[in-house]
Amino acid sequence: MTVTPDQAIDEMLTVFKSAWDADATSSGISVVYPDVSKPITDGNTSWVEAKIQHSVAGEANLFNGDTRRYRNTGFLIFSIYTPFGDGLTLAGGLAKVIINAFENGVKQFVTYVSAAPTYVGQVGAWHMTNVIVEFVYDTIR
Amino acid sequence: MAFDYTGVMTTAQTLIDSFGRDVTLVIRDTTPADATKPWRGPASPGTDITLVAKGVIVSPSSSRGSFFGAEYVNDAGKLIRRTDKSILFAENAVSGITMKDVDKIIDGADTYRVDRVNVLEPGGSPIIYEMDIKK
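Heads up: the protein sequence lines correspond to chains S and U, in order.
Counting in my numbering, the first sequence runs from 1 upward without gaps.
Counting in my numbering, the second sequence runs from 142 upward without gaps.
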């Protein structure tokens, strides 16, 4: 199936938001979306920043005269900030919520190739954990 | 006995009222138009919070020299550009809003984005806010 980039972004972030709001571990923890709200500055507060990085869009079929199918790939990066010092307990739990969302969530147009956590380390007052989700979807032009 | 900062706060406000001018502080509305898609942002135009207050606009290096002690780069290590400014507010003039949430300063025809907010706060008593602002 094909989709527009806006529809793909809506689908990907809806998969994330549905799981994030439903899970007791993550529910109520602030989410910062791109170009909407400012980062959290309180070092005692956990938060997550959602980022979408498209990489390349290559033509995925031979030109048939009217339409061209392009394969879009990229990464969703969820940067989780948890107050430093609990031995990855909360960070690991929140990362698992995101990974489960993309491994088990409703998928319509977008395929999620992989989802894995990267423990970055201390950043200011927080421990930072990135969950990187690789995605693929097709557009028709 | 704890020092009483009331007199210092009054002096700060008197000086800024005397030498400053009215500017508008704007806190952008971030309430999403669609709660199920907060990444799509607020309705356009949103309902912003605004406050008019007296502020003194100075060059970033002069304010740093007075009480933050650095020039040409800010505390985040970013270079200060020639159009960057700092603006000072007395606590009493802006006590109705949360200063760290302010997004924009409108000074006549000029609109600045807020980069950072510093506060001179001895003994937990905010006296002066200094904002790094950029055009």
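There may be inaccurate statements among the hints.
Distance condition first, Cα-Cα at most 27 Å in a straight line; then the derived DSSO-like pairs of lysine-lysine [said to hold, decoys possible]: (1) S:LYS38 with U:LYS241; (2) U:LYS245 with S:LYS96; (3) U:LYS241 with U:LYS178; (4) U:LYS195 with S:LYS17; (5) S:LYS51 with U:LYS195; (6) U:LYS195 with S:LYS38; (7) S:LYS51 with U:LYS245.
It should be emphasised that the hints constitute simulated quantities derived from the structure, not laboratory data.
Computed from a predicted model, the values in this text were never measured in an experiment.
Going down the list of hints, with the structure as the test:
{"no.": "1", "hint": "S:LYS38 with U:LYS241", "result": "10 Å, holds"}
{"no.": "2", "hint": "U:LYS245 with S:LYS96", "result": "38 Å, violated"}
{"no.": "3", "hint": "U:LYS241 with U:LYS178", "result": "25 Å, holds"}
{"no.": "4", "hint": "U:LYS195 with S:LYS17", "result": "42 Å, violated"}
{"no.": "5", "hint": "S:LYS51 with U:LYS195", "result": "38 Å, violated"}
{"no.": "6", "hint": "U:LYS195 with S:LYS38", "result": "25 Å, holds"}
{"no.": "7", "hint": "S:LYS51 with U:LYS245", "result": "24 Å, holds"}
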